[in-house]
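Colleague: Using the hints provided, position chains U and H relative to the given structure of chain Z.
Listed in order, the protein sequences are those of chains Z, U and H.
Residues in the first sequence are numbered from 1078 upward in steps of one, following the working numbering.
Residues in the second sequence are numbered from 12 upward in steps of one, following the working numbering.
Residues in the third sequence are numbered from 6 upward in steps of one, following the working numbering.
Please note that the accuracy of each hint is not assured.
[Claimed, not checked] The calculated DSSO-like cross-link candidates involving lysine-lysine, where the alpha carbons are at most 27 Å apart (straight line), are: (1) U:82 with H:167; (2) U:599 with H:167; (3) U:465 with U:566.
Keep in mind the hints are simulated off the structure, nothing from the lab.
If you're wondering where the values come from, they're calculated on a predicted model, not measured in any experiment.
Residues per chain are reported as follows:
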Amino acid sequence: MSDVTFGLLISAVIFAVGAMGVLLRRNPLVQFMSIELMLNAVNLALISFSASLGTEEGHVFVLMVLTVAAAEAVIGLGIIVGLFRKRNRIDVDDVHSMDG
Amino acid sequence: MAEAIGLVVLFPLLGFLAIALLGNSLSEKGAAYLACAAVGFAFLSALASVPAVYDPKDVFLYTWTQAGNWKFSFGLLADPLSVFMCLIVTGVGFLIHLYSIGYMTGEHGEPEADYRRFFAYMNLFVFSMLLLVTSNNFIFLLVGWAGVGLSSFLLIGFYKDKPSAVKAARKALVMNTIGDVGLLLGIFVIILNTGAVNYYHAFRGAEFASDGGWRDIASILLLIAAVAKSAQLPLHTWLPDAMEGPTPVSALIHAATMVTAGVYLITRAHPIFAYSEVALIAIPVIGAASAFYAATCAIIQTDIKRVLAYSTMSQLGYMFMAAGAGAYEAAMFHLLTHAFFKALLFLSAGAVIHAIGGEQGIRNMGGLGKQLPLARWTFLIGALAISGIPVFSGFFSKEAIFAAFPLFGGKEAQVGFGLNETGHIILGWVALLVAVMTAAYMFRLYFLVFSGPKAKSYQTHESPLTMKLPLMVLGALSVVGGFVYVPGAYNLLEKWFEKAHEYVQTTPTRWLIIPYETIEWTNLIGAVGAAIIGWFIAYGIFGRAERVAPSDEVKGFAAFLQNGWYLDKLYYAVVATPVVWVSKLLTKQADKDVAEALDWGIGGSLWASSKLIRKTETGYVRNYALGILVGAVALLAYVLVAAIQR
Amino acid sequence: MSDFPLLSLIIFLPLLGALLLLVLRLPQKASYWLSVVWSLVVFVIAVGLLLNFADGSTSGFAFTEKLEWLKPLGMNYQVAVDSISAWLIALTAFVSLVAAFSAREIQGRHNYFRAWLLTLETGILGVFAATNLLNFYVFWEVMLIPAYFLIGRWGITRERVKSAIRFVIYTLVGSLLMLVAMLALAFLTVPAGGQPSLDLLVLKERIGGLDRSTQEWLFLAFAAAFAVKVPLFPLQAWQPDAYAESPTPVTIVLAGVMSKTGTYGFLRFGIFLFPTASQTFAPLICILALASIIYGALAALGQTDLKRLLAYSSLSHTGFIVLGLFALNNQGINGAVLQMINHGITTPALFLAATALSNRTGTTELAGMAGLQSRMPRLAALFLILSLASLGLPGLNQFAGEFLILGGAWQASTWYAVIGAVGVVLAAWYSIRLFQLIWHGPRAENESPALAKVLDMRPVEYLVFVPLVALIVLLGLAPALVTSIFDGSVSTLLK
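So here's chain Z without its partners, still in its complex pose:
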């Protein structure tokens, strides 16, 4: 098993864990962490490809993703805190006022 395959395998596992987390958990904080997990899985895949191909685009993308993830975390956490303040509990299923 080459390094790339190994990295991709880990990445896939982490991504799957993250995806399950988002789908199955109802606590937004946990969901949020799961999303971060998915992002990092992608980052890992990018790094692996980059290392094997010997190019630097992958690195650049990772840095971009990290930045965006940070910004996203700020907004997401802000929403969650706001939600908590309003309802005193946090459960994503409580928030479905946008239904059709």
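Modeller: Just chains U and H, lined up with the frame of chain Z:
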């Protein structure tokens, strides 16, 4: 001075603007005097412009519009025809204005409501008519044409609280607009074939056109305009209803302005009409038909003003006949004398109406001659003049018209086409029949109003001087006004109109001069005999003590005549009612229902489909996340399959 | 002078004013005067722009400004005017000034109202000046948003939101078709080795390379957008509601100048850009125009509501403009452009007079009015003049336009002119019916008690109406003042 023609138009305009803008800061009498002064000065200016008769020219030019190769200028034209019309319009108009000062004043000398507005409208009326006759091009002829229609609308509907007046005014405007539109389209034909709207170039173009087929179309369209304005068949139904206006207005419409415009147009545009075979047949036939139709209607009317209204239509029919036969000079001559005696008749009828407190039905009149001697004598003069009794003005002008229609033949079509000899004979006899009827209905009116037993006793009151003076002047003119032409002696009109056709280089054969060297004895005797027969008929039925009383409730044929052959009702049924019905339908259905249907049809189906689709939007984050996952997996699967296949 | 972005200044000055109003949040009176003065300044500059064309010798585009934006796609900010556009820009500035002046008391968030009104002005001005298709499209949509809010938020009755939505949907459907056609046009006309362009003049050069049916389809897509905006029968369903629902200042702008963006579009991006296709479809569009004329007139004849009646009469009159355009000759187009200006003066004046009246009577229902002339003789006189102008009385402004339009139509086909003439007769009928229903006849029995002490015209109303009436008379007596200026441009455009 040809330039004085500008002042002729300007004075009434200024009078109108001053009265309209000053409003209440002008006293009521002040407004009336101002209006009279405006028309009076216009008359003086018209006199000053008489020298232009021998030296016609265009004055005051500026570019009206420009579009590609269309470049049209505004200008006034001082020539025999326009000066002639100006003198009639301002002269008779002035007398009517003067009369109105007294007429529009109540019994105790208090001015009627809207006194200022009345005089403003009157000045506007005169101004529009003057613009119509002095314009040197068809566009401003149309401006004046429509202005006359507008002023008549305003004045017919002057008693604005009266529903019948409002309705009559609307009818007059709409029917006049039909004429305006005809004129507008006729102008297009002229422009496209001669490249010009000013008379000089247009007429030269018309005369020297190599392919003259367009002149038929142009003259039919212009004829529509003339017929609508001069209340000839079939666009006449507004005229009887127009009697809803105050009597001076009727006098103005019938004598000085408005209805004469049609005859003026035909005379003015004779280089077009005289070269069109269709027009040369249609105009005299329409004229004769209208003359006959109106005479039959006049004979049974019970409203003093409606009799006079129909008689105007009948007399205009004579003018159309003459103009259609090429005897433009005779048409203009009759227009002149008609202006005198018709104004006289209306004003003396007005004096009666004014004196007995607004009553117009002749059923309620009778024996008024002793109480109102001036009105009686002036009305009698008018009746004699319109019947064509010798020495009175109408005799000469009618004679001039009859001369164009020899009763026993001997007259061919002037220019190789148009009415043939038989046509002239038939129309001549119709004219003679109408002359009998004219005398009959005029004297019927005279006997029923002024002589015989009284239907009611009225406290009549003296007319003010402003009303008496115009009656006397017009009375005098109705007697002597015909002496500009005496058969067998001289013809002043020929000299006056000498340059009218030279201005546009028309070959004189198409502008018939009234012959004066010889006397057509058959026509002369026939016409005078007709008038006397008419008088006898009227005297026999209405002039004696045991006379036939007029009745409003008539049946059968009499009702048919009294209602103007039911043409008005026919037009309502065929045109007005369907249009109103469609418009109501559109308002109710299209306006609301179609819009709603579109809303609920297009909008509704979209709404229904959106209702289905939006069920998928549950609002739960996990559902959305699952959706993203499934989508991503599907996408990956697609890529995978594609990769394998390749 | 040549480098100074005069045109952009005119276009964006109103937008700046709108921002200013939003930032300053002035009280009612101050914001009113600010918007009036601001509009006045725009108007003065626009007149200055027009004066550059006064001698009538300039027949092509001038004052061109170009900023590159998305060069590979040919999408640039590019504005220029010829003497036709210059007139319409001056007209827009004038009507907007009148609208600002008449927006004296606004219920609720008045700063927003005036800001939207100014934004609308920017949109319309931009449409008249744009010479790049994308640019044109952007301004076209910029008009839509303010109009939506102005109708939906400040409309008169509870139906306002519905009217606003209907208006937006109709307009959007048309303009999206136009957007597709624009992009198609840009990419289909790319010359070998060249780049796509959305420049009007470049496209005009390239359009000949397209095959005939493509040109026709593209033309139809453009025409759809313009036909909705004018509106042309049968796409008029949004119009009566939008005109009747809008508060008067908005109606003035909608009827006075926004409808002209449609006719202007037909002229600039229809007839000028697609000469062949407009030839092909001229009969169809003329028939639709005639249908608008007759339909509008008949519907106006039966109306019982003052503002709806005026809306339908406007439909009839804009039909005349389109008829003139698609007569496709010098007279017709000259008349159409003249009539855009005339109608842009008469219709706002009529709506203003109608509002002045309905403010006094408290209703726009004609049933509640009759015999009012003795109460308000001056307003009646004003109304009469405006009705007469609207029915095309010779000697007043609309006649000059109708004269040239029908003259042009007569040359295209006699029947167009004859049917148009029927429309003129109907116009006389419904205008006079309207006038008489309000002012003549015996007083209505259910007359509102408010009428007992109603006042005739106020000085401030004279300030609005006297210039309008003066223009109506002046342009009727000497339309050459206008036509001689753009006559050259029309000839150029038809070449």
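Colleague: For each hint, tell me whether it holds in the structure or not.
Modeller: Consistency of the hints with the structure:
1. The hinted pair formed by residue 82 of chain U and residue 167 of chain H fails the criterion: a straight-line CA distance of about 48 Å is larger than 27 Å.
2. At roughly 19 Å between alpha-carbon atoms, residue 599 of chain U and residue 167 of chain H fall within 27 Å of each other, so this suggested pair holds.
3. At most 27 Å may separate the alpha-carbon atoms for a hinted pair to count; residue 465 of chain U and residue 566 of chain U meet this at roughly 25 Å.
Checked against the numbered hints given earlier, the structure breaks only hint 1 and satisfies all the rest.
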